[in-house]
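Chains as they are written, first to last, in my numbering: chain A, -17 to 330; chain B, -17 to 330; chain C, -17 to 330; chain D, -17 to 330.
No lab work stands behind these hints: they were computed from the structure. One or more hints might be untrue.
[Stated by the list, open to error] The list that follows gives simulated cross-link-like pairs (lysine-lysine, BS3-like), each with its CA atoms no further than 25 Å apart:
1) B:Lys115 / A:Lys115
2) C:Lys115 / D:Lys115
3) D:Lys209 / D:Lys115
4) B:Lys209 / C:Lys115
5) D:Lys209 / A:Lys209
6) A:Lys209 / A:Lys115
7) C:Lys209 / C:Lys115
8) D:Lys115 / C:Lys209
9) B:Lys209 / A:Lys115
10) D:Lys115 / C:Lys117
11) A:Lys115 / D:Lys209
12) A:Lys209 / D:Lys117
13) B:Lys209 / C:Lys117
14) B:Lys115 / A:Lys209
15) C:Lys209 / B:Lys115
[What the hints assert, rightly or not] Some chain B residues near chain D, calculated using beta-carbon distances under 7 Å:
16) Gly257
17) Asp258
18) Ile259
19) Ser261
20) Pro262
21) Arg263
22) Val264
All residues carry an ideal CB built from backbone N, CA and C; glycine is no exception.
There are 4 protein chains.
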Amino acid sequence: MTPLRVAVVGVGYWGPNLVRNLFELPTTSPTWVVDPSPAARQRVTLRYPSIREASEIDEVLADDSLDAVAIATPVSTHFDLAARALRAGKHVFVEKPLAASSSEAVELIGIAETRGLVLMPGHTFLYSPPVVKIKELIDSGEVGDILFVTTSRVNLGLHQPDVSVVWDLGPHDFSILRYLLDELPATASALSRSCVLPGIPDVAFINLTYPSGTIAHVELSWLAPSKLRRTAIVGTRKMVVYDDTATEPVRIFDTGADLPDPGSFGEFRLTYRSGDIISPRVAATEPLSLELAEFAEAARGASVRELRSSAQVGLDVIRTIEAVERSLAEEGRPVQVGIEPHEERVER
Amino acid sequence: MTPLRVAVVGVGYWGPNLVRNLFELPTTSPTWVVDPSPAARQRVTLRYPSIREASEIDEVLADDSLDAVAIATPVSTHFDLAARALRAGKHVFVEKPLAASSSEAVELIGIAETRGLVLMPGHTFLYSPPVVKIKELIDSGEVGDILFVTTSRVNLGLHQPDVSVVWDLGPHDFSILRYLLDELPATASALSRSCVLPGIPDVAFINLTYPSGTIAHVELSWLAPSKLRRTAIVGTRKMVVYDDTATEPVRIFDTGADLPDPGSFGEFRLTYRSGDIISPRVAATEPLSLELAEFAEAARGASVRELRSSAQVGLDVIRTIEAVERSLAEEGRPVQVGIEPHEERVER
Amino acid sequence: MTPLRVAVVGVGYWGPNLVRNLFELPTTSPTWVVDPSPAARQRVTLRYPSIREASEIDEVLADDSLDAVAIATPVSTHFDLAARALRAGKHVFVEKPLAASSSEAVELIGIAETRGLVLMPGHTFLYSPPVVKIKELIDSGEVGDILFVTTSRVNLGLHQPDVSVVWDLGPHDFSILRYLLDELPATASALSRSCVLPGIPDVAFINLTYPSGTIAHVELSWLAPSKLRRTAIVGTRKMVVYDDTATEPVRIFDTGADLPDPGSFGEFRLTYRSGDIISPRVAATEPLSLELAEFAEAARGASVRELRSSAQVGLDVIRTIEAVERSLAEEGRPVQVGIEPHEERVER
Amino acid sequence: MTPLRVAVVGVGYWGPNLVRNLFELPTTSPTWVVDPSPAARQRVTLRYPSIREASEIDEVLADDSLDAVAIATPVSTHFDLAARALRAGKHVFVEKPLAASSSEAVELIGIAETRGLVLMPGHTFLYSPPVVKIKELIDSGEVGDILFVTTSRVNLGLHQPDVSVVWDLGPHDFSILRYLLDELPATASALSRSCVLPGIPDVAFINLTYPSGTIAHVELSWLAPSKLRRTAIVGTRKMVVYDDTATEPVRIFDTGADLPDPGSFGEFRLTYRSGDIISPRVAATEPLSLELAEFAEAARGASVRELRSSAQVGLDVIRTIEAVERSLAEEGRPVQVGIEPHEERVER
């Protein structure tokens, strides 16, 4: 089978990683780079002379031999570029977040479904070996029911001039939570502060509830004394710590509190377990490569295959961000996730 | 000067530490232990044969030579015991929290003030050398304005049968925050779950705002894969990490984001500083000893001296807990701190 | 059965721990404390009023009801005290090292054997749960053959005025190595320096070879930037790290290099394994309590039972120290272990 | 000034890093790659089409416009290639170790000196910002006299089929020690084992003494449960830990033992200092770039400039390795460093 022919739109900071992986994968081939900056394009074409250049997407979409478009531009342009590419009959991969609003995302999903095309947001962490390992542990029942999750994603920099830390870092954690817990949050409430740039929140404390009863806390910040990428998952059977900065990124604790014996006349009696701790071997595969391979596979047999980083996940992530932003606008009031503001009736 | 003669009421888990420190301090002397359990009393008197025993406080309060009472009983009994001791003319030290409600605390403060007696809650962390060191750093201006604080106090156990993790662990962090920030929170909003015992929250995520603009997140839990006692304080000049489990409990980071140069035509330009990190030497003095020494000093010259762990701090801690509980009861709605529920008018 | 009646000789720094454990164990009872310092004795008898005092051992050895003597005095006095106690028919427990020379140790062993008495040196680490766990792992074959061991025992202080770091800290590591490897070193070579006090080596680097082919490096120091208690054991199947300062003192690494496939035409081809890492749950029992319980058990049925911290282990530890000292005296030349200097013929 | 025109000989594992840095530096330009493998050459020329290829060095040395040769081939070929390049009038940069024996190194130094050419071994760690920082601390007197150094460089892999761990990893530590201490060791004694491949030592414990009295221990291994790159430097004033795997690679401890007060009647009285710990900010510059810049600078004004990684350092490193190998051949006997075997007279 010939490799999937993909145009990469936007080759600033992240786009070149898409080009490299599309080049190295046997099932894909980067055929165009699109960027208004000649310098940015040249950094790519010098290295990959076989790739054609364009400053603008129209010429590229007219190329009948092109199968797909991968978009790595600022989020405000995602909808327009993706919509045009889909309407031109191309499969579309969009860096996260999928779009700038849930209504945009819903519309893109509609266009893709109508035309039977693949629309995939780039939630790369869902292909990261530690996250996949934890998902397997949860699915196997080893962790038990998930009681709560806390996660911190903080370090110094990089402030964005036009987007909050919630839009910038939130998609990572919201997509991981969506994947691991397999449910959309019921409510979100949040507190933030714009410490450095007025009007640009750079620290946020987010509390989430889930229909299953699980609760979660997400801390996001561009201002922190040291880098933290730590997620603790507390289950009824085991606890798991995922630290993306550690040499042992996944640690499984056979630790917990066992419920009171029902025969003990209601007497208060808890047993605490504190057993072995295991750091399972985790492969070092590059998540982006796995992700693009899945995109190519789906594009080749689109209708059947369900994507891990599906458009639905992308939409759910945006719905979570929107709920957080709404709560921030209402001084931390808990708001429902996935409901349009005018529809909402939170019980008070 | 003769040492302050103190009766210790309650010698179960914590009380014996009071006895030992009162025995070792030159300015105090434990003269009575009061506990309904003969075995508990005997564990103390075997070691300190000079101490007198009583099963009940009345006989002790009738001892005219007694100067003060130190209370280490369940919180539900604090008000009654403290009120009786104050009315008998004794200075009172009460283990944290000061009382079971802010109205009880207000009443105790009134009784003590009327009689010119010392009333002191045992917020021991305010005498812990790392906390004192951080307070000095903040007061000296080295940290700058406090932008935000995050703090985690989690580990496995010990579930209490009748009190939530907020009442059990919250006083530590709320008193530390009150001391370091020198202000009462404006609002609190919280999320919790009763994972093990029905109706007893054992994990809580608490967001606080302060009049100065500082925000804080407090994570409390009796269920966690490993012990965490970590507080990060992000200031405009420096950042401080306080880790009570580490051999270097205080670490000062010369780290931050410097605001855009005003002359740069509004262009977006941030500079990140990431300089030296210092772990200052911190003394290993026992906080409880320092705390009881201050109590003795105040009791000797009561009217003048302001206590670090003052009754006002004790009241403010309870007000914070009550606001958290109210927010929990209202599904996470942010509520005002320090205002009686019926008076509250949160702006929405 | 009545508890073993034990006199504790020397209640300065370590002796009180012997008293406490002998008091708490059901099978032992401390009946005398012997110390020239009345203050030292009183610190014990205040707490345990039932124990009798003596300034000198003679009166105590005359007590027919006494079963055993536990010695925690400076090493230079071990031989004389232990010999007198054995000759008086008492079982003897001696804090490590057993004696000040291997000839003293050999003589004590002879006296004990002649009289059918227990003679036990206090190599407490052999009862430490992490060490016992590692011994089990080795004995089970899980680690494979031991290729090499490296161990560091360093921190700041406490310089001894009359004894080198080798005599002070060496017994810990040499007894652990003797227990885990179950063999006496063949040769020792060492380098040291007296950094602070002239003539008192306070840092030593020791290389050991073993008959089985295992090699070991032992680093000892009273001068170090931070406390290290780390032992790495590299086996043909697995590797183990024992860190006595860590919350996870034993970690098992499924890591190694697999030998070249013989069928590969002599081609150079190694496979590296790097699998799961396990931190097994280790109990928190006090080693000294387990050690004294074993002493009591042996004293009750002496002839049968083989002690883990046997007199032979104590002798082997001294032989290792003596070889190290001899190598130091000869500027690091490797010397044979367990051979009297005049007998030695090292092949060159 | 035109950039220094450099041919890179050997573009297997490490050579491409030389090409990249020579390409990016303004003062150097890679003009040739030399390698017998067309595939290896092509990996470079695909990326840098302006670079010319050769399978063998002769054609390259005939290029009059070429200024210098950088050699990154197996050590057994260093002497021949470097000698030919020097004789052709080219400056020479050789990856460490400089040559396969000290006599080869001495001969190369002679050839270079005769012709006034630069000969520089690639001891890259001497340009590593943490090492440079520590050198500054030592030179400023802040650390005091160096009492001893311990260093561990261990991890799993990569076994070399034809060279011991001493030749492979030793040059790193021996060059760092030579740079920091500014002296050649007086004696070396060593213990090693060939755990995996017969005749190829893969773990070595090396003890070094220095004329100044400093002592050092170096642990090298290709078999270890986890990666260690830790050097502890204990001085009379301060102690420094250099951990190349840590986010804070340099840590300065204001820690030590202060000598007994001479006025104290010979009484034993030590004071231990344990003050602040500082992690100084260390730049993230690539050492190889700094090293090649220095090479270019020296080549441009050769006679004047003294190189940090000088040919003398390269020779001293080889002399240390040779002494270690000799000690290994003599079962760990301490041997003199820098003396031909037949000249040696170690005092016993």
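Comparing the hints with the structure gives:
This hinted pair does not check out: Lys115 of chain B and Lys115 of chain A have alpha carbons roughly 42 Å apart, beyond 25 Å. As the CA atoms of Lys115 of chain C and Lys115 of chain D are separated by approximately 42 Å, the hinted pair breaks the 25 Å bound. Under the criterion of a C-alpha separation no larger than 25 Å, the hint pairing Lys209 of chain D with Lys115 of chain D is consistent with the structure, at around 23 Å. Between Lys209 of chain B and Lys115 of chain C the alpha-carbon distance is near 23 Å, which keeps this suggested pair within the 25 Å criterion.
This hinted pair checks out: Lys209 of chain D and Lys209 of chain A have alpha carbons roughly 21 Å apart, not beyond 25 Å. Between the alpha carbons of Lys209 of chain A and Lys115 of chain A the distance comes to roughly 23 Å, so the proposed pair stays at or under 25 Å and holds. Of the supplied pair hints, the one linking Lys209 of chain C and Lys115 of chain C holds, its CA atoms being roughly 23 Å apart against a limit of 25 Å. As the CA atoms of Lys115 of chain D and Lys209 of chain C are separated by approximately 24 Å, the hinted pair is consistent with the 25 Å bound.
Restraint check: the Cα-Cα separation between Lys209 of chain B and Lys115 of chain A comes to about 24 Å, which is no more than 25 Å; the hinted pair holds. The suggested pairing of Lys115 of chain D with Lys117 of chain C is violated, with an alpha-carbon distance near 43 Å, which exceeds 25 Å. Between the alpha carbons of Lys115 of chain A and Lys209 of chain D the distance comes to roughly 23 Å, so the proposed pair stays at or under 25 Å and holds. Restraint check for Lys209 of chain A and Lys117 of chain D: not satisfied, since their Cα atoms lie roughly 28 Å apart, outside the 25 Å limit.
Only pairs whose Cα atoms come within 25 Å are accepted, and Lys209 of chain B paired with Lys117 of chain C is rejected, the gap being roughly 28 Å. Restraint check: the Cα-Cα separation between Lys115 of chain B and Lys209 of chain A comes to about 24 Å, which is no more than 25 Å; the hinted pair holds. With a C-alpha separation of about 23 Å, the suggested pairing of Lys209 of chain C with Lys115 of chain B holds against the 25 Å cut-off. The restraint placing Gly257 of chain B at the interface with chain D holds, with a minimum CB-CB distance near 5 Å, inside the 7 Å limit.
Interface restraint check: Asp258 of chain B against chain D, minimum CB-CB distance 5 Å, threshold 7 Å, status holds. Interface hint at Ile259 of chain B: satisfied, since its Cβ lies 4 Å from the closest Cβ of chain D, which is below the 7 Å cut-off. At its closest, the beta carbon of Ser261 of chain B sits 4 Å from a beta carbon of chain D; the interface hint therefore holds under the 7 Å criterion. The beta carbon of Pro262 of chain B comes within 5 Å of a beta carbon in chain D, closer than 7 Å, and the hint placing it at the interface holds.
Taken as an interface hint, Arg263 of chain B checks out: its beta carbon lies about 5 Å from the nearest beta carbon of chain D, inside 7 Å. Because the smallest distance between the Cβ of Val264 of chain B and any Cβ of chain D comes to about 10 Å, over 7 Å, the interface hint for this residue is violated.
Violated hints for the displayed structure, listed by number in ascending order: 1, 2, 10, 12, 13 and 22.
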